[in-house]
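Dock chain to chain to rebuild the complex, using the hints, since each chain is given by itself in its own frame.
Line by line, the protein sequences are chains D and B.
In terms of our numbering, the first sequence opens at residue 1 and continues consecutively.
In terms of our numbering, the second sequence opens at residue 1 and continues consecutively.
Hints listed in this document are in silico derivations from the structure and should not be mistaken for laboratory results.
Values in this document were obtained by computation on a predicted structure and should not be read as measured data.
Glycine is no exception: its CB is placed at the ideal position from the N, C-alpha and C atoms.
Zero decoy hints are in this set.
Ranges of calculated distance between the beta carbons of each label pair, as one might list FRET restraints:
| hint | chain 1 | residue 1 | chain 2 | residue 2 | range |
| --- | --- | --- | --- | --- | --- |
| 1 | B | His33 | D | Lys140 | 16 to 26 Å |
| 2 | D | Ser169 | B | Gly286 | 45 to 55 Å |
| 3 | B | Ile163 | D | Ala145 | 26 to 36 Å |
| 4 | B | Asp213 | D | Ser170 | 32 to 42 Å |
Okay, here's what each chain looks like letter by letter:
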Amino acid sequence: MTDVAIRCEDLAKQYRIGERQSYKALRDVITDAFASPIRRLNSAMRHSSNGRSEIEKPNIWALKDVSFEIKRGEVVGIIGRNGAGKSTLLKILSRITEPTRGHVDIWGRVGSLLEVGTGFHPELTGRDNAFLNGAILGMKKAEIARKFDEIVAFAELEKFIDTPVKRYSSGMYVRLAFAVAAHLEPEILLVDEVLAVGDASFQKKCLGKMGEVSHQGRTILFVSHNMAAVKALCGKAILIKDGTIAASGMVGDVADAYLLSTTPSESSREWLDPATAPGNESIRISYVRIIPPKGSAAITVDTGAQIEIGFENFRECINLGCTVYVTNREGVLIFESGHRISSERDSQCGFYHLSGRIPGHLLNAGRYSLDVVFGKDQQYVLLRTDAVLSFAVENTATGRGSNMSVAPGVVRPLISWGHSFEEEPSQVKRS
Amino acid sequence: MTENTQISDTTFVEATSSAIVSAPAEERSELPHIRIEPSQGWVSLGLTDLWHFRELLFFLVWRDIKVRYKQTALGAAWALIQPLFTMLVFAVFFGRLAKVPSDGIPYPLFSYTALLPWQLFAYALTESSNSVVANERLITKVYFPRLVVPLASILAGLVDFAISFTLVLGMMVWYGVRPTWAILTLPFFLFFTMATAFGVGLWLSALNVQYRDVRYTLTFIVQFWLIASPVAYSATLVPAKWRPFYGLNPMAGVIEGFRWALLGKTPAPGAMLGVSVIVVAVVLAGGLYYYRRMEKTFADVV
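Okay, chain B solo, but in the shape it has when bound (with noise of 0.2 Å):
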């Protein structure tokens, strides 16, 4: 960079085919070479550029978290409330009215280690569906991997799992349950909760900065999903040979495997969760593949 500060009034030239003149490639070597040109077929997924942008990751996630709560008269705490008012209703009418099998589990435990994972995926996947087109500002102005705005909205959840999940270690203590050595699996079943709402965040996401109908197919879809989910009922209500079919929906082996990892009295879902990895894995893959096709018009549609 230091070698060549000079400016002569020759140097400016169009470039026609016979104006331009190679330089040699050492004397570039130092500098950062990027060719800019339309992309065509498959595209890879730019994993070295995302790694390039992980501090502007960590910025986004910092600035969803930071804003969160700002302005609120009890903060964080809401993160605590939200599960916990969910867990008291379910408590009340389905655990004491409709007396609903909890597979021997105190019923509020049980429905609030369902609501764990659960409420992390719900927030993840409205936010990731709705980062595109919030950031609209920040995609039309400014070059950055595309990827990082889901992504970002995704990991700011966390900080709300983990408020939300100190309350359940209380609650294990309360009922008297001793976690087994099953709950080395729970980082697994977070990290699956979360690429679950990547992979179907990518796609609506994608879809949203093209169709606006997202946003408002979005709330319908994420109640209808919670009813779907075994949250406030037990999985071994479908009889066990619907079970794999029952995993068709990720959420349901997610959920089971989490309270099998944090209370270990459940089975542990076995064909259930193997058909659930196998759906994410492949809306996964399918919602990176589209995302990644479709983010080149971003700047000029959303």
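One chain only, chain D, in its complex shape (with noise of 0.2 Å):
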């Protein structure tokens, strides 16, 4: 028996670069007019002298030849690194983008959450508001009124349902856009990263909900790269990289893939070819290692590691600095540490060599990868290399016994503890 909710064949979507930038003026069409003739001409007398076109096409395929298909009652998950082409294939499967090849079937009615609060206005009450972006989300409005009383409920919100939501503070916010989301019930829903705000317990309690709801048999399309959301709620996996599915089955091996997709798997890198290496034109990088602290033969949980970055800077005069993120393999950030170069707008061109001790006794055991972010005035972000290298910590048996195994937790901290004994009970002391 054929079940298909989705099918989707060879599916592709070209975008114009800086086309979801900036709108045109008028001014620019005119200026374009004038220009574009010589530019021609220019590249045509290049083209004649080279024997091949030099100019690039300003054209970048978000997504090609995308072609899966999706059963009912699955809950899959959609990932990839920032700029795969998820978005782009949620939008196209939301109907907001039309693809530039290929089609899509889609059997049953489809809800897409690619924002929450879609539509909200600051100047309505909650309860317009649940009204308004229910409608948008495309629930019926006899259905939002049966559903009225539960959303409030659901966002803790009876109190303050006929205040003006601008006068909400963000969580209340928040609670209020997820509780209509959540009573949302289509055959297919399409969710994006929307559960990465709102606070812990309330998200959990949206998970909840979802999770509710698949198990009713509908179908659900999770994009995300929080892999430890993508892990506890869907079966299934699609790894998107640029623009092409990469693995899809199990949710834990494509998870895996991924990993080994996104983050290179050595812990030291060298850029000797400054063609090759991370940069552009306010930064580039030499070389990015983890290394074991001096005297250490591997990095464990008791050294830590040592950072290194080398890097040439090409801005002068500015507040450089340079930050560096930790994240598991669940794609949990651990931590963020930042050096700054220089805070007197005293930086200088030529190369940069910059160490950091990560303490021990800190990460678990585990893989992690390394993000490094370059930037000014602690504000704008000048280069971003997201997962340039992965780095191992090995295990030991430290503060815990004899027991070899894995830790659990995100950290590892070693904590000094005591403790004192008595045969007796002492007294104890009552105010």
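Given below as structure tokens:
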């Protein structure tokens, strides 16, 4: 028995670079009209002299030849790095944007949650916004009215439902938005990383509600790069890389493929050729290393690790800073730490060598990836490299007695325990 | 929906040509099926889809109306104040001082009956032209027929119209003007006003997505159009043989029509109105076509 909910065939989407960023002013069109014949002439001349065209096509394929099939009742995670094409896929499936090629067949009503609180109006009350938002998400008025009390109770906003949402705290705002979204009951639900906001306990409640929904035979597509959430929620997953499907199948396998594909396995990388080194007009990285600290043979829970970053700076007289992000294999950010290289607007052009030490008894055993971000004035990003390398922290038995298995938990602090003992219970002071 | 809730491990397959097995049509017939593919050539208006989303249209109109006079001291009174004061200024400067002929109608009533459709038109045109850009968040995050957006902003103008309309009834009693059977044609002129604003608004809202120049041109267009329309003066100032050409401005036909329908004293706008209807039909059809052509790029460009 075939019960297909979504079938995608050879889906492709092309964007013109920069299309999303800026709208045109008529002035630009006019200047373009004058400039482009000259440019075309130039390139034509170059073309004839070189024998090949040097103009780069300003088009990119955000998605290419994507085909998959999702059965009814499946909960599928779509994972991939930023810019891999996950959101584009979701936007095509939710009919916000059209594919350039290929087609999708969908059987069932589709509800898409690309953002919480879409269409909320600050001047309207919580009640009005619940109805408005529900209608925007595709619910019928009668349906919202029927579920209204449930939504309000879920959001825990009984007292404030007739207050304009502009007086809400951000937490209340998100709770209301989620509550409406969680009561959406289409056959197919497309969810973007909206769960990344809101407080943890409420997130859990929403995940629970959605899990409940999936047991009722609803199909869910969940886009995220939070591996922990994907693993908790989805049975299957599709990995998208550079606009194509790199892997698909059971969520565990795909998650492993994701980590392999996104993080280079070396813990030390060097770029000898400036052309291939990660960089731009501000910064060019020459090496990033994570090595055992002096005197140790390996990176372990006890030793911590040494970070070394070398880069060439092209920006003079700015406040330059470098921050590293350490993320575990579930996609959970463990910490960020930064070094303010110059704070008196006195950066110099040339090579900088940074080194830092991740202390021992901090990271638990496991594999981590490192992002490096260079910034200006602690505000603007000059260069960002996601998952530039990965490194492993080896397990030790420190603090675990004879238990050699990896301790659960995100961090592995060494806590100095103590205890005292008495044979008779001491007098408990009562006030 | 209920007969299949089992999830088995083998149901997930990457669709290769061999893996695709079509299910019997009757099994799926209960579920709505949509196909998403690049649109080509002429696009339909998508009226069934629009009908399906009528509740959203209602909610967007309702939102615009509810929000319009929030946190204002005078509230909906603004809907009266604006045409009323414009009428007073017109009455003093054009009526009293410049002695502009008003076809034998008391000048305040003469200009107010014109201001009614004019204010509706100016509001609808401005709001609809800005609507797509103003609802950027909705357009980039949710699917719905995009025509809902300019349509909703035009319909929201009807509330202001209804409020200011009550005043004209009072004025007619005051000046002792008895409505004739011509008042029955009023809904047509009301509809025609909105169709004009919708037609032009469709063009401008779609252009506004690409070229934000529209936003700055808009105030100018509205001002220019007001002077070119017979609000403060009568269309009879235009020589009779040129009047059909005057109809190229659809608001000329609308305003003269409104005066005739409400007061029944001016001659019925004949050839001029005919020209206006044709102009609006062309602008509206072109606008719908252009808007539908452009709407697929809205989410990528806006």
